[in-house]
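Protein chains: 2
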Amino acid sequence: MSLVVTTVSGGLDSVTLAHVLAAEGHDLLCVSFDYGQRHAKEVDYAKRCAARLGAEHHVVDLRSVGTLLSGSALTDPDVEVPEGHYADASMAITVVPNRNAIMLSVAVGVAVARGAEAVATAVHAGDHPIYPDCRPAFIEAVEREARIGNEGFAVEGFRVLAPFVGIPKDEIVRRGAAVGVPFVETWSCYVGGDVHCGRCGTCVERREAFDLAGVPDPTEYADAEVTT
Amino acid sequence: MSLVVTTVSGGLDSVTLAHVLAAEGHDLLCVSFDYGQRHAKEVDYAKRCAARLGAEHHVVDLRSVGTLLSGSALTDPDVEVPEGHYADASMAITVVPNRNAIMLSVAVGVAVARGAEAVATAVHAGDHPIYPDCRPAFIEAVEREARIGNEGFAVEGFRVLAPFVGIPKDEIVRRGAAVGVPFVETWSCYVGGDVHCGRCGTCVERREAFDLAGVPDPTEYADAEVTT
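Chains as they are written, first to last, in my numbering: chain R, 1 to 228; chain G, 229 to 456.
Don't read these hints as lab results, they were simulated from the structure. Possibly wrong hints are sitting among the right ones.
Unchecked claim - Over the 10 Å line for every Cβ pair with chain G, so calculated as not near, a few chain R residues: (1) G25; (2) D27; (3) A51; (4) G54; (5) P97; (6) R99; (7) S105; (8) P132; (9) R135; (10) A146; (11) G149; (12) V184; (13) G192; (14) E208.
Claimed, not checked - Which residues of chain R face chain G? A few of them, derived with a C-beta cut under 10 Å, are: (15) A55; (16) V59; (17) I102; (18) V112; (19) A141; (20) T219.
Positions of the beta carbon are idealized from the N, C-alpha and C atoms, including for glycine.
Throw the hints in and build the complete structure from the sequences for me.
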């Protein structure tokens with residue numbers, strides 16, 4: 001059994017990743033980040049995911065970082081969360097500068113401290129149009145930096161795993177269904193009400209993914225009608 | 229005038245770097261990190277450095293990260309700070325896994341959010357034997373990752389400046405003297421008493437640097453006698 005440090009936001013992608021890694025026989029250490037996102041709600045989903053999988057779980061407080069990176073709709077209450085499709089140009093406002101590099105650098109630090117063989121991230125192909133830090137070239141750059149920066153301290157052949165980097169979200173849903181992910185125990189909505197709003201970028205993307213995958217969507221949406 | 233985000237610990241190297249960058253005509257945004265190091269004292273020196281240079285200053289709270297990376301003598305009160313020369317193998321216990329990657333990833337995020345042209349770090353040649361994240365190959369890897377991960381958001385030709393990466397600490401002292409750095413307003417000691425202990429790794433390295441540079445050392449040491 002090998003140890004993998006995986007970042008878990010509580011969203012569909014990262015929870016599915018944790019289940020897939022566990023199904024492959026890895027021991028997991030789950031790390032979530034509080035960077036002052038509008039809703040801390042998804043962190044509860046991350047906690048329950050770790051508990052289900054018998055994994056150690058830590059929430060890293062990066063609120064101080066989030067404050068400095070304000071101006072994104074995800075952290076700044078003065079910026080409105082845009083509606084519409086996730087891949088639209090309007091979603092650029094949801095970019096938190098260098099977010100994945102920051103979270104992965106912490107995950108790598110934890111992995112090195114614990115002697116883990118890898119870190120894992122659930123970035124996927126649907127993120128590529130807007131978020132440069134979700135693309136394959138970025139993952140390779142992070143792995144390269146992690147190995148060089150921790151030479152002699154990280155395990156030999158240390159890796160940054162991103163098994164979803166080349167696949168769209170509907171394929172993630174298929175893979176999650178195959179390992180029995182309880183999708184109702186994942187949170188996507190950027191708005192953060194009692195139930196998923198059904199209209200923000202990630203809600204639209206979530207509904208579409210279940211639809212394309214042909215997997216029943218157990219999510220309760222405030223706006224039940226699909227408009228795209 | 230161009231904006232540079234520079235990491236300032238309050239130590240001799242990073243304070244000198246800030247002064248050198250300011251002398252070169254850059255506008256500075258200084259960022260310090262609290263990762264739960266034994267002494268928060270050096271952060272006061274960083275604050276005063278920023279104030280002297282008329283620069284904006286932020287202290288980023290990474291204590292939550294420090295807790296997860298414990299086991300280093302710099303963050304864990306149960307681990308004794310080793311005495312002796314900084315380059316000795318015993319100093320490996322002062323390694324905080326992936327520390328520079330974490331701090332630089334935050335600095336890059338701030339730089340992208342503010343439209344800065346570069347981040348800067350005071351890593352130097354004397355750090356190379358023990359700390360892999362202070363070597364030229366690491367700096368290049370960070371710059372590469374920063375550009376790829378912020379494509380379309382960072383300014384064109386974004387850089388990670390590490391002007392001291394190829395020089396020893398005594399040359400930093402010479403360069404600092406040339407731009408009038410008030411060295412007494414810098415803090416090196418890992419022990420963190422009222423005055424520099426004079427015996428820990430960084431104190432030994434500090435004294436040696438002034439000696440080799442032929443620059444008067446204004447530092448008050450608890451142990452006035454140089455033993456190495």
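Starting from the hint list further up, note which numbers the structure goes against and sort them upward. Hints 5, 6, 7, 8, 9, 10, 11, 15 and 20 are the ones this structure does not satisfy, whereas the remaining hints hold.
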